[in-house]
Amino acid sequence: MVLEQGHAVEIVDMPINMGPQHPSTHGVFRMVLAVNGEQVVNVTPHIGYMHRGGEKLMEAMDFRQGIGYADRTEYLAQFHAELGYVMAVERLMDLKVPDRAEYIRVILSELNRLSSHFMFMGAFGIDAGLFGTSFTFAFVQRENLLDLFEEVSGDRLMYAYFRVGGLAWEVTDNFVQRVHEVLKQAQQGIRDLDDLMTKNEIFMGRCQNVGAFSAKQAISYGMSGPLLRASGVPWDLRKDEPYSVYDRFNFEVPVGNYGDVYDRYLVRLEEMKQSIKIIEQALEQLPPEGPIVPEKMPRRLRTPPGEVYSKVESPRGEWGVYLVSKGGDKPYRLKMRSPSFCNLSALREMTIGQYLADAVMILGSMDIVLCCVDR
Amino acid sequence: MLLAAPHINIDHPALRELAGLIVITLLMTVGVAYATWYERKIVARMQYRLGPTRNGPFGLLQPIADMLKLLVKEDLRPATADPVAWELSVFAIFIPAFLAFVAVPFTADWLISPLPLSLLYLVAVSGLSFIGFLLAGWGSDSKYALLGGMRAAAQLISYEIPLLLALLGVVMITSSADVYQIILYQDHVPLVVWQPLGFMIFLTASIAEVERPPFDIPTGESEVAGGVFIEYSGIRWSMFQLTSYVNMYVFALLGAFVFLGGWQFPFGTDWGWGWQLLLTVAKMSLFIVFYLWVRASLPRMRVDQLMSYAWKVLIPFALLQIFLNGLVIVYDAPDIALLLTSGAGALGLAYTAHKLVRRGAPRKPLQMVPVRARSSA
Amino acid sequence: MIGILKSMAQTARVVFRKPATVQYPEVHREIPNRDRAFPVLIWDEEHDEPFCTGCHACERACPVECMTVVMKDNPKHATGESKRRKIIDEFWIDYGRCMRCNICVEVCNFEAIGMNNTWAGHELSRFDRKELVMDLDQLMAQSKAGKVDPGLRA
Numbered sequence: 067m068v069l070e071q072g073h074a075v076e077i078v079d080m081p082i083n084m085g086p087q088h089p090s091t092h093g094v095f096r097m098v099l100a101v102n103g104e105q106v107v108n109v110t111p112h113i114g115y116m117h118r119g120g121e122k123l124m125e126a127m128d129f130r131q132g133i134g135y136a137d138r139t140e141y142l143a144q145f146h147a148e149l150g151y152v153m154a155v156e157r158l159m160d161l162k163v164p165d166r167a168e169y170i171r172v173i174l175s176e177l178n179r180l181s182s183h184f185m186f187m188g189a190f191g192i193d194a195g196l197f198g199t200s201f202t203f204a205f206v207q208r209e210n211l212l213d214l215f216e217e218v219s220g221d222r223l224m225y226a227y228f229r230v231g232g233l234a235w236e237v238t239d240n241f242v243q244r245v246h247e248v249l250k251q252a253q254q255g256i257r258d259l260d261d262l263m264t265k266n267e268i269f270m271g272r273c274q275n276v277g278a279f280s281a282k283q284a285i286s287y288g289m290s291g292p293l294l295r296a297s298g299v300p301w302d303l304r305k306d307e308p309y310s311v312y313d314r315f316n317f318e319v320p321v322g323n324y325g326d327v328y329d330r331y332l333v334r335l336e337e338m339k340q341s342i343k344i345i346e347q348a349l350e351q352l353p354p355e356g357p358i359v360p361e362k363m364p365r366r367l368r369t370p371p372g373e374v375y376s377k378v379e380s381p382r383g384e385w386g387v388y389l390v391s392k393g394g395d396k397p398y399r400l401k402m403r404s405p406s407f408c409n410l411s412a413l414r415e416m417t418i419g420q421y422l423a424d425a426v427m428i429l430g431s432m433d434i435v436l437c438c439v440d441r
Numbered sequence: 004m005l006l007a008a009p010h011i012n013i014d015h016p017a018l019r020e021l022a023g024l025i026v027i028t029l030l031m032t033v034g035v036a037y038a039t040w041y042e043r044k045i046v047a048r049m050q051y052r053l054g055p056t057r058n059g060p061f062g063l064l065q066p067i068a069d070m071l072k073l074l075v076k077e078d079l080r081p082a083t084a085d086p087v088a089w090e091l092s093v094f095a096i097f098i099p100a101f102l103a104f105v106a107v108p109f110t111a112d113w114l115i116s117p118l119p120l121s122l123l124y125l126v127a128v129s130g131l132s133f134i135g136f137l138l139a140g141w142g143s144d145s146k147y148a149l150l151g152g153m154r155a156a157a158q159l160i161s162y163e164i165p166l167l168l169a170l171l172g173v174v175m176i177t178s179s180a181d182v183y184q185i186i187l188y189q190d191h192v193p194l195v196v197w198q199p200l201g202f203m204i205f206l207t208a209s210i211a212e213v214e215r216p217p218f219d220i221p222t223g224e225s226e227v228a229g230g231v232f233i234e235y236s237g238i239r240w241s242m243f244q245l246t247s248y249v250n251m252y253v254f255a256l257l258g259a260f261v262f263l264g265g266w267q268f269p270f271g272t273d274w275g276w277g278w279q280l281l282l283t284v285a286k287m288s289l290f291i292v293f294y295l296w297v298r299a300s301l302p303r304m305r306v307d308q309l310m311s312y313a314w315k316v317l318i319p320f321a322l323l324q325i326f327l328n329g330l331v332i333v334y335d336a337p338d339i340a341l342l343l344t345s346g347a348g349a350l351g352l353a354y355t356a357h358k359l360v361r362r363g364a365p366r367k368p369l370q371m372v373p374v375r376a377r378s379s380a
Numbered sequence: 005m006i007g008i009l010k011s012m013a014q015t016a017r018v019v020f021r022k023p024a025t026v027q028y029p030e031v032h033r034e035i036p037n038r039d040r041a042f043p044v045l046i047w048d049e050e051h052d053e054p055f056c057t058g059c060h061a062c063e064r065a066c067p068v069e070c071m072t073v074v075m076k077d078n079p080k081h082a083t084g085e086s087k088r089r090k091i092i093d094e095f096w097i098d099y100g101r102c103m104r105c106n107i108c109v110e111v112c113n114f115e116a117i118g119m120n121n122t123w124a125g126h127e128l129s130r131f132d133r134k135e136l137v138m139d140l141d142q143l144m145a146q147s148k149a150g151k152v153d154p155g156l157r158a
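Chains as they are written, first to last, in my numbering: chain L, 67 to 441; chain E, 4 to 380; chain R, 5 to 158.
Heads up, some of the hints might be wrong.
[Claimed, not checked] To be clear about the criterion: a stretch of chain L counts as covered by chain E if any three or more of its residues have a C-beta under 8 Å from a C-beta of chain E, and this derived list gives those stretches:
(1) 222 to 233
(2) 420 to 432
[Stated by the list, open to error] FRET-style restraints, in silico, Cβ to Cβ:
(3) L:L223 / R:V137: 39 to 47 Å
(4) R:N37 / L:G119: 29 to 37 Å
(5) E:G346 / R:V31: 14 to 22 Å
Everything labelled a hint here was simulated from the structure, so no lab data went into it. For every residue, glycine included, the Cβ atom is placed at its ideal position computed from N, Cα and C.
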C-alpha cells in the first residue's frame, strides 16, 4: 500500500512475515503483518498447514476408533475433545453414563484444563520475553499431571481413555491419593507463576490495554472461552448449559472487564484455581465403587439415524461436535466446531492499530492450538 | 606506583604495558568464554534445570565445545550485503569493548595506563559500540536487521545519558574523574551509601547499555526473527556474543570500583595484591550475578516503553541527583546530608517506576460469578 | 518496583529447590504398569508358541490399518501338543503408523497382544522408516525373553 508520494520518495508499509516457523511456538501458523513504522496496519493470517482431513477420516471410523482421532484434534485438551465426541454418540443412542464414570470424566477433564492452562502460562511468559523461566515453572507442574495421566490411561498425551457409555477401564487403586498429591503441587506451581508474572510491572506494561476487545465484538466473532469471559460476557458452558455432572459443584467463573491481554491472563489464572476447587469437590463426591459402563451396554455401537450437537467447555472455548448419523456404526458427517478457529478469526481486528511487539502478545493470549484450527 | 604487574620483570615501560595488555586480552577472552558457562549454570538453577553437565565435569568444557563448533561453521555472507559495513561492524563493536580494559585498575598496582580522566574514557569508549550496531543493521541488507540496528542505536544513545549523569554525581563528590582516585576516596565508606539514587540509575542504565534483558530488544527479537545479527553466523556471531559479555564485565567492574569501593574498601592497600584482587573479583561477581538474576526474572520491555523510561524517568532523576549533590557541596553540608537527600531521591525513583504502570484510573479487578450446585448425587 | 522485586524473589527461591532434570541415558524414570508403548505379541510359555492364532480381529479393528496378519494351520495341533487349530504365520505391524490406541488389545479374543510397557518399547528409533515395520520375530522377541508383562489386557 503506497501511503505518500512526494518528491522522489515513496513510503510504503513494510510487510513482515512471521512464517510458519517462529520462536514463539504456537504451531505452524503464518501471519503476514504490514507495519507502518511501529504500528500494525494489516494482518493476513494463513492457516491450513496442519490440515489432516480429520473430519473426513473419522467418517470411516466407528465410534471407538474415532476417539484416538478426537484426541489428536485438540492435543492440549484431549479429554475435552473425547468428551464432546462420546457425549454426542451417547445422546444419539440415549445411553445413561453411570455416576462413577461421570465423576472420573469430570476430574480428568478439569486436570486437563489445568495442564492446558499451565502450557499457556509457560508459552505466554516466553512471548513476553521472560527467558524461559515461566516455561520451566509451568512444565514442572505439567510433568506431574502427565505422569498421573500416564498412570491412569497409559499415555502421556493421547489418552483414548473415554469410551461411549463411560470409560475404557477402571482407574488405578491409588487414584484419589495421587490426585491429591498432584493438586498440592499444582497449587504451589500456580503460586509460583503468579508471583513471577502477575504483579511484575514490566509484564503489566506489556499486557494492559493491548488488544482490547469489547463484549459486542467478541460475541459477533463467535468467540468463546476465556477470551469471551475476559471481554466481560459471563458465559461458561459449565454454568449456563451444564453437561455431565457439572451442576453438582460450587465454583466461580472469573469474568474480566476490559478484554485486553492482561484480563485474559488473569481469567486463565483464576480458572486454574477454580478447577482445583471443582476437582476437590468431585473427589469428595466420587462414588468409591460402581460400574464404569452402563449395565445394558450394547455390544455393537450403532446409533439410530439423527443428528446431534454436543458441546463442552474446553480450555480454549466451546468445543462442539455436530454428528449426523444415518444409522450404522460410523458417522455420516462429523463436524468439529473448533474454538481456536473462531477465536483466531478475530486476530485481524484485534491487532490492527497495535504495536508490532504487541502482535505477538495478542497471538499468545488467544492460546490457539493449530491442530484445532486446522483439524 | 601505577605500573603493570610488578612480578613481570620487564624494564622497558612500553613493553611492560604491552605485556599487561596481552595478559588482559587473553584473560578476558577466556574469562568471557567462561562467563557463558557461568551464566548458563546460574540461570538454569533459577529455572529448575542444571545447565551444561555433559562436556567435561560440570560442563566446564562447554565453552570450548561451543567455540570449536562456531569456528568450523560455514561462513555465510549475504550476496547483497554492503561489503565494507558488513565486515567492519564486527570489529567496530569488538574493539572498543577491549579498549576499556586499558584504564581499569584491577588492584592498586595493576593498571596498564594511568589516565587522569579514566572514568570519562571508560564511558566514552564503551559508548562507541553503537556505530557497530548501525553498520551491522545497514550492511546486512535485511529489514529485520535494519529495524534491530536502529533500535539498538537509539537505546544505546538514550541510556548513555543517565549513565553518565549518575557517574557525574560521583565525580562531583570525589572531585576527581580518575577511577583510581575514586577508589582511594572510599577507604571508610563505599559510595553506594552516599549515592543510592545514583547507584540505582547506574544499575538500570548499565543493563540497558550491555543490552541484556529486560532491555534486549536488539538482540532478543525473537518476535521478528533474530534482530541485528541475523545475517551473521559462525565466528562472527560469536564475536558479538563475546563482546556483549565483555561489556558486561566492563560495567560490572566500573560499578564495583565506583560504587562498591573496589579493592580499597574495607581493608585498604595494606593487605597486598591477593586480597585486593579477590575483593575486585568478588564485587564484580555481585554485579554479574545481579545481571543474570534480572535476566531470568523479568520480561522484555517494549521499545517505546524503554525509551520513555530513559527520557522521562531516568534522566530527570539523574539531573535531580546532580542538583542535590550540588546543593550539599555548595552549602558545605556534612556527608550525612548526601545520604538523606539521595536516599529520598532513590525512594522517589522506586515510587515513580512503581506508579508508571498504574497510570490513569485504577483497574477494576475480575468479577467472580458464583455457580451453585443445582442437583446432588 | 514491588512486582519486579517479587519476580526476582521468586526466581531466587527456585535456586534452592531440587532441579527437575533427569539425566536420561544414565537414569531411566519408572514407567507405570499401564503404559502403552507399542503392541507386542505374547508368548505362551506352556505350549511354547504364541497365543496369537491369526484370527484377524485386531487387523480389522485397527483404525489406521497398520497390521497385516497371515495365519496357518498349527503343526502342534496335529501332534496334539496344543489346542490351537490355527497359529500365526506372519504378522507385520508398522510402528510408524500405529497410534497406540489399545483397540487391538481390547478386541483380541485370546489375550495374545499387549502393549509393551517397558523402556524397550519407547527406545525404538531407527534411521529408516522401513525399519519400523516389525515382523513376527521382532514382535515376539520381548515376550519370549520374558521381558514384558503388559498391563490392561482385558
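Status of each hint after checking the structure:
1. 222 to 233: The restraint on the stretch 222 to 233 of chain L is violated, since only 0 of its residues have a Cβ under 8 Å from chain E and three are required.
2. 420 to 432: Since 6 is at least three, the answer is holds.
3. L:L223 / R:V137: 39 to 47 Å: violated (24 Å)
4. R:N37 / L:G119: 29 to 37 Å: Given range 29 to 37 Å: holds, Cβ gap about 35 Å.
5. E:G346 / R:V31: 14 to 22 Å: violated (52 Å)
In summary, the structure is inconsistent with hints 1, 3 and 5 from the numbered list given earlier, while agreeing with the others.
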